[in-house]
Amino acid sequence: MSIYGTLGNILMVFGIVLIAIGIIGLHKYHDFYIRATIASLIDTAGFISVAMGLLLHHKVSFFTLKIGIIIMLMLLLNPLATHIIVRSAYLSGHGEKKEDKNA
Amino acid sequence: MKYILRSWQTIVISTVFWCILNESFALNRLIEGVVVSVITYLFIYFLFADQSGTSISYRLSILALIKLTIILGWNIYLSSLRAIKIILFQSPSPAPTIVHVHTKAINKWHKCLIANAITLTPGTVTLNLTNDELIVLWLYPTSDEPNEMNKAILGPFEKALCERSLLND
Numbered sequence: 054m055s056i057y058g059t060l061g062n063i064l065m066v067f068g069i070v071l072i073a074i075g076i077i078g079l080h081k082y083h084d085f086y087i088r089a090t091i092a093s094l095i096d097t098a099g100f101i102s103v104a105m106g107l108l109l110h111h112k113v114s115f116f117t118l119k120i121g122i123i124i125m126l127m128l129l130l131n132p133l134a135t136h137i138i139v140r141s142a143y144l145s146g147h148g149e150k151k152e153d154k155n156a
Numbered sequence: 016m017k018y019i020l021r022s023w024q025t026i027v028i029s030t031v032f033w034c035i036l037n038e039s040f041a042l043n044r045l046i047e048g049v050v051v052s053v054i055t056y057l058f059i060y061f062l063f064a065d066q067s068g069t070s071i072s073y074r075l076s077i078l079a080l081i082k083l084t085i086i087l088g089w090n091i092y093l094s095s096l097r098a099i100k101i102i103l104f105q106s107p108s109p110a111p112t113i114v115h116v117h118t119k120a121i122n123k124w125h126k127c128l129i130a131n132a133i134t135l136t137p138g139t140v141t142l143n144l145t146n147d148e149l150i151v152l153w154l155y156p157t158s159d160e161p162n163e164m165n166k167a168i169l170g171p172f173e174k175a176l177c178e179r180s181l182l183n184d
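Sequence lines, in order, name chains A and B. Just so it is clear: in the first sequence, position 102 is 155 by this note's numbering, and no numbers are missing. Just so it is clear: in the second sequence, position 1 is 16 by this note's numbering, and no numbers are missing.
If we strip away everything but chain A, and leave its shape as in the complex, we get (with noise of 0.2 Å):
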């Protein structure tokens, strides 16, 4: 396997388990702003690592330029999703609270 296909290979599995860890996180806390900030953790840093291992891992294809495309969609519009969804609990009313549950 070449350097690249390794990489890939680490960068996957890394993306991988910090989707799994952002996963612990949700069922650990309660408070709908932990959830939300813990929330782009997998979106974001676990989705990123996942998407640059498949890069990697190919040729320079349609292949990889349709993972670009894909990757850079998700960061101007991922963002804009959690904020809508923040600010609506935001603007409504929705207090931080402290957890009363040690998970």
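Check before you lean on any hint, since a few could be wrong.
Simulated crosslink set (DMTMM-like; lysine to aspartate or glutamate; CA at most 20 Å straight-line) [stated by the list, open to error]:
#1 Lys112(A) / Glu38(B)
#2 Lys119(B) / Glu148(B)
#3 Lys119(A) / Glu47(B)
#4 Lys119(B) / Glu163(B)
#5 Lys119(B) / Asp147(B)
#6 Lys123(B) / Glu148(B)
#7 Lys119(B) / Glu173(B)
#8 Lys126(B) / Glu173(B)
#9 Lys82(B) / Glu173(B)
#10 Lys119(A) / Glu38(B)
#11 Lys100(B) / Asp96(A)
#12 Lys174(B) / Asp147(B)
Rough simulated footprint, nothing fancy, chain A against chain B, three-plus residues with beta-carbon under 8 Å [what the hints assert, rightly or not]:
#13 30-36
#14 107-115
#15 140-152
Short derived list, chain B residues pointing at chain A, Cβ under 7 Å [stated by the list, open to error]:
#16 Ile91
#17 Ala98
#18 Ile99
#19 Thr134
#20 Leu135
#21 Pro161
If you are wondering where the hints come from, they were derived from the structure by calculation, not from laboratory data. Remember, it's a predicted structure, so these values are computed and weren't measured experimentally. All residues carry an ideal CB built from backbone N, CA and C; glycine is no exception.
Use these hints to put chain B onto chain A, whose structure you have.
Showing chain B alone in chain A's frame:
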């Protein structure tokens, strides 16, 4: 025709997108791409664009964009590691705080990019943007002092954008 000539960059980028999605840069695909891009551009221009002359300038130097991307990538992974530490090893739950920070950016497009970068960084989410004030949800606040907060949340992104491009607008 003048609308189309004014936005030739948008049409070129859209055509390249079209060709990549169709997996071909053949002449017929290029012509198809240009036609679809022009029609789409005209629809967007007449239906959604602000035609009063006060539309936003989307200009951004390539150097600033590359710098922002590198700084953003670095910050995403740095914040991810901090978030992982909190999720796995911090026993009492974190106390997210809503803080108000002030940006030096004067251009709406740059403010939008900064707000986007903040939300992309794990641990911070932009809640609202009014004039030069950003309301940010911060998972692990490290300071109460406004200057320190500005430095921690906005610092790297403002540095990438402000140094060159903001002075030009």
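| query | Given the hint that Lys119(A) pairs with Glu47(B), does the C-alpha gap stay at or below 20 Å? | reply | OK: Lys119(A) and Glu47(B) at ~19 Å, within 20 Å.
| task | May I ask you to test the interface hint for Ile91(B) with respect to chain A, counting a Cβ-Cβ separation under 7 Å as satisfied? | result | This hint holds: Ile91(B) lies near chain A, its Cβ roughly 5 Å from the closest one there, short of 7 Å.
| task | Take a quick look at whether Lys82(B) and Glu173(B) sit within 20 Å of each other, Cα to Cα. | result | At roughly 11 Å apart (the allowed maximum being 20 Å), Glu173(B) and Lys82(B) satisfy the hint.
| field | Holds or violated: Lys119(B) to Glu148(B), with C-alpha atoms at most 20 Å apart | value | Holds: Lys119(B) and Glu148(B) sit about 9 Å apart, inside 20 Å.
| request: Establish whether the coverage given for the stretch 140-152 of chain B by chain A is satisfied; the threshold is a Cβ-Cβ distance below 8 Å, and no fewer than three residues must meet it. | output: holds (count 6)
| query | Mind checking, does the stretch 107-115 of chain B have 3 or more residues with a CB under 8 Å from chain A? | reply | Answer holds; 7 residues pass the 8 Å Cβ test.
| query | Does Thr134(B) pass the interface check with chain A, least Cβ-Cβ distance below 7 Å? | reply | 4 Å, holds
| Pair hint Lys119(B) and Asp147(B), alpha-carbon separation not exceeding 20 Å | 7 Å, holds
| Taken at face value, is the distance from the CA of Asp96(A) to the CA of Lys100(B) at most 20 Å? | Given pair Lys100(B), Asp96(A) holds - Cα atoms ~18 Å apart, limit 20 Å.
| query | Between Lys123(B) and Glu148(B), is the straight-line Cα distance small enough, at 20 Å or below? | reply | Measuring from Cα to Cα gives roughly 12 Å; hence the hint holds.
| Taken at face value, is the distance from the CA of Glu173(B) to the CA of Lys119(B) at most 20 Å? | 7 Å, holds
| For the hint on Pro161(B), does the least C-beta distance to chain A fall short of 7 Å? | This interface hint is violated because 19 Å lies over the 7 Å limit.
Of the numbered hints given earlier, the model fails hint 21 alone.
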